[in-house]
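Enquirer: Now for the letters of each chain:
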Amino acid sequence: MRVNPNYTPEILTDLGAIQTQEQTDTEELATGLRVIMPSDDPAAAAADVQNQALQSQTDQYLQNTNNLDGMLQTADSALSSVITALNQAISLGVQGGNSDLTTANQQELAEQVQSIQSQIVQLANTSYQGSYIFGGTATQTAPYTLDATQPDGVDYNGNNGVNSVEIAQGTSIQTNLPGSQVFQGAGGSVMGALQQLVTALQSGNTTSIGTATTQVGTALSYVSQQRVFYDSAVSQLNSNQSYLQQEQVNLQTQETTLVGADIPAVATELSQAQTAQSATLAALAQIIPQSLLNYLK
Amino acid sequence: MGSLSSSMWIAAQALGADQGAIDATSNNIANQNTPGYSREVPVLNEGAPTVEGDVTYGGGVVLQQIQSVTDQLLQIQISDQNQQQSSAQTQYNALQQVQELFSNPTSGIGADFTSFFNSLSQLSTNPTSIPDRQTVLTAAQTLATDFNSTEQNLDSIQSGLNQSVSQNVTQINTLTAQIAQINGQVGQMQQLGEDPGNLGDQETALIQQLSQLTNVNQIQTENGLTLTTGNGTPLVVGDQSFALQTTAGPNGMTDVSSQGQDITSSLQGGQLGGNLQMRDTVIPGLLSQLDNLASQFSTSVNAAQATGYDMYGNAGQPLFTDTSGPGAASNLTLAITDPNLIAASSDGTQGSNGNIANLLAVQTAALPSGESPIDTYSSLVSQTGNLTDQAQAEVTASTASLNNLNNQLGSISGVNLDEETTNLMNYQRAYEAAARVVTTVDELTQSVLDMGSGVTAAP
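Residue numbers (our numbering), protein chains in the order written: chain R, 1 to 297; chain F, 1001 to 1459.
It should be emphasised that the hints constitute simulated quantities derived from the structure, not laboratory data. Computed from a predicted structure; not experimentally measured. Any given hint could turn out to be false.
Reference excerpt, derived from the structure (chain R facing chain F, CB under 10 Å, subset only) [to be verified]:
#1 TYR7
#2 ALA43
#3 ASN51
#4 TYR61
#5 ASN67
#6 THR74
#7 ALA142
#8 LEU146
#9 ALA148
#10 SER172
#11 GLY204
#12 VAL228
Where a beta carbon is used, it is the ideal one built from N, C-alpha and C, also for glycine.
Produce the complete structure using the sequences and hints provided.
Expert: Shown next, in the form of structure tokens:
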């Protein structure tokens, strides 16, 4: 059988294929990636787009978690100060209920309670990064102003709105309680009880001082209950944070599986290609000069 | 009866035949690296015998013709494979540029979607923050810009392909003119029963070049070959060529016509077919998906904006300008520049973030096309990847098959130096022997002549 005497084009094609393989391997080793262009593995490239989106979304959820943590901690510590202030008010109320006191003494106590009142208004007007945290969604105006003409002694300028923020895919957390609920709730109005205590102390009526003091106590336990909302939100954020960090690790592992290069395998492939290349070149160098003409004189 | 002169005649004929054979061998050796060359073999025949009485005398040797050794069927298969291979190669080259636009998972439209939604998510933690609102606007702007530039890049790849179409048509016309000229001569020789030899090789090589440009049908007629495009538009008939024309079509794209008829959509195979396939089918397909994504995404975001309130307490205005149809992606721009106009609030108060949930819902909700924005984009990525991968596989397969066919043809038509050298030695020996016969016959003739001169008359 006659064979094709001109086999060099075929060998050149093969050499070209080996060189392409070497290039691909070198690129994979340099980048650490198996999928550099979508055509390297279209399905993996598409999945990588989604994986990158999830990774960057997870980073954002972590950022949200950190942002909220600061705000919720601030609210929590404001409420803790409110509770301290209310305890003081209760002891003032108890003092005021003592029948040995003079009217002047009672007026003095009333003034002290008033100062607690304005302290609590100040706490209720706590802001975080420029937003008032107890004004519902009306965060740009101070929620409380003192107003002796009102039954509760204050004007509430906020609303009953609440915000919630997504902190993981499909998980949102409520981020605020409106002041109307915390400080003027049906279960014990802080503002109302304090105003009542002031009025009672000013009037000097020991019975109503006693009643008002009891009401301040009720308000205290109600606020403590409200504070639990912030405590549990903070602890939810903490557990969410570790969940998100784990998620980040998972997504990164997934990314490596999707598009990462198998370095030992690629290195082996590269050295095989190099061996094949030098063998082919050596064989070519051996064969090409051979022809009958070499042996004729 | 045999005679010295007939021996001389036979030897002289042998000298001629051997010279012709050496000629053919020499031509083979000379053309061993000429592309498309088919080796030639001298066809030697016995001369007509002469019969005298009971004796039949051989008539020496006749060099009947010098024949090119080739295989017409293989040539046609090669030209068919050529057009497939160069079509795939052309598409692969263009697709490599296309997939580059969708190759980076950490930048471009896909990453921009996520950045945009992340900036909204960030804003939800502090809805009155101007810097956070500004970040949302910037992210939206980046997204719009990347939509613009991706579409513009696709457009410019498309117009590059369009230029190639015109070039391909010019190349085809040059080749068909050359082929027609040769084809006329080949046809004449064939009519006379002559072997077109090297002329046929030249024509075949030109047809192979032509088939790299477009799909060519070959029909053998008595006037040489008739070449047509795949759908029967004539290119070469006898010694006449039919040039293709280019005309400006819609959208600034070049149409190809023949004798006044638009044949653009029927052209397949070869570089021209590959360029047309990319220009008229693949890239428009990607462009329309990109346009749909841009217009459906901006419509969804605008609708979500409209359900909320901006920082001024007014109902949300569109974030993106209304855009649809062809060019939607390159026309996508922001409709607002004031960060306060982002409608984060659901109740009109500045501190509310209730409407951000609606805006964020666009991230996961299915667009009218059936998938979420990021999923739609990732399917574009896998599409371009698959297209490129397929084209590459086709290039590899058709190259292998082309190599195989060329190898087969080479085994029939290729010049083997060992073989030629051996033949050369044979013809050389034969020539030497024939020359020796001439010398010998000459000596014999001399002897015959001397026969008379050495004899004296009897006394």
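Enquirer: Name the hints, by number, that the structure is in violation of.
Expert: 6, 7, 8, 9, 11 and 12
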